[in-house]
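Protein chains in written order, with the numbering used here: chain A, 1 to 379; chain B, 1 to 113.
These are computed hints drawn from the structure, not numbers from a lab.
The model shown is predicted, which means the values in this text are computed figures rather than measured ones.
Yeah, the Cβ is synthetic: ideal placement off N, Cα and C, and Gly gets one too.
Each hint should be verified, as a subset may be incorrect.
A partial selection of chain B residues facing chain A, derived with a Cβ cut-off under 10 Å [what the hints assert, rightly or not]: (1) Arg22; (2) Pro41; (3) Phe59; (4) Phe63; (5) Ser78; (6) Ala80; (7) Asp93; (8) Met99.
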Amino acid sequence: MRRQSPNKKAKYIRLVAKRERRRLRRLRSRQARQAEAAAQISANLHVIAAHDLHPPSQRERVPIILPEVLSLRRNFAETVTAVDTLRKSVLIDGRPATLYFDEVRSIGPGATLMLTGEIYRCRYLRAWRQGFMVNGNYPSAPDVFFQLREMGFYGLIGVDDMAEILPDDRDRTGRPYFIPFRTNRGVDGEFASKFCDMVVAGAFDMGKRAKRRMVGALKEAMANTDEHAYLDPTGLPVMKRRWWLSGYVEPQAHEMMIMLLDQGIGIPASLGITRFQRIAAVLGLAATPTDGNIIAAATELHRSSTGAPGRGKGFRDMKSFIDECDDGELRVLSDRGTFRYMKDGQMVSDEASSIGGTLIEWRVRHGETVEVSADDDEA
Amino acid sequence: MTTKREMRISVARDFTPYPGPRYIKQGPNSGERFRKKVLVPALEKAESIVVDLDGTTGFGSSFLDEAFGGLISVEGMSRAEVEKRIRIKSDQDATYHNMVWEAVREAKTLATA
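Isolated chain A, as found in the complex:
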């Protein structure tokens, strides 16, 4: 047997020691990860037990218990927190999540679209080895169940919509309903026209000129998403240029709402404080650069008066459309700011948390045939 030199022997001992240290480091790291996962699962089970709910099928899933009122209008803080938890769990931590609808008793159209957009993003940008990154259960409240089905929600979370075994026998004439959500990028004039037809059909009659204005305003809103919403990074993975669109109709009230959502940087960031101050000075608006005030300025944008290139007049068209109808509201939520325009005035406010993008809610109510005047936009 060959004898090793003392140098070679020492080198070999050092190598073995190094390998052992590395093995122990890996072992400790694995144990730490397992302990963290066990703690997370334990915390998840505590949350589920506290709400007396069934545990998720896979224990790694983060349970997200949606609030009783899922609405950006009536329960902003809890609604945004729930969506934010989903966003952070899946997109940042890479952990799958389960949405619990057990406690939800009512849903708002805007909040539902926001949740839908978030699930869509999680599903397409994060993969999980054992199925959908986000799944969920059925709501126990029948109205919520059917509203989510109308919106095409269940397919997104990988559960059957039970259309065949549970038909919706409720009388449609007397109750509000959702238009299934659509998502796309860019602007498609034909789609915009057909979508407006679909939403308005259940609410009121509309003259040809009014319809052209409505379609034009929707196309401008889509174009603004395409051109401005995803200009800079948001800190989260995004599906660039993408928007989500849905509608809500209340036939008895002769009312309809069109909602458009994006997950971009928000109007306050895309407009910027410098440009806001220039616009505010020209238009004589409040000069404090809060998110709400910046959104208000953006809805007044008019290239000739502000020198802002590439901005359409979609918001202006939406506002003038509301002016021609019995009642209506343009509500723009972007980042932390909220802007509301009604026939008799407008309001701005700022919330504590961001919605993580921009949501436009354009609601119009009218008893008779809507027609707009031809010269309301004279230069």
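With chain A fixed as given, assemble chain B onto it according to the hints.
Then chain B, alone, in the frame of chain A:
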């Protein structure tokens, strides 16, 4: 090459009843495409053109901005030339007429853009 005195273009008939966004990259039937495929060739063939905006499902301001303002800012025509050679027919909604001329007025020429 002989040029016609006047040529009539209908957006709905000669391009699309569903006008789209500003730029080609944003989607089908854009203002940029209308300018390149319809307006500019028509201006090469005729001394003056009448553009009929009726019959579509509605314009966004950015379509008209790019189609007509782009004649100045991209194609290099002068404002006076555009005003002299183009007439707009928009009987169904006079607002579009105003939007076109506003876009032409506000367009930056190639030299100043």
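**OP:** Output the numbers, in ascending order, of every earlier hint that fails for this structure.
**Re:** Hint check: 2, 5 and 6 fail, others pass.
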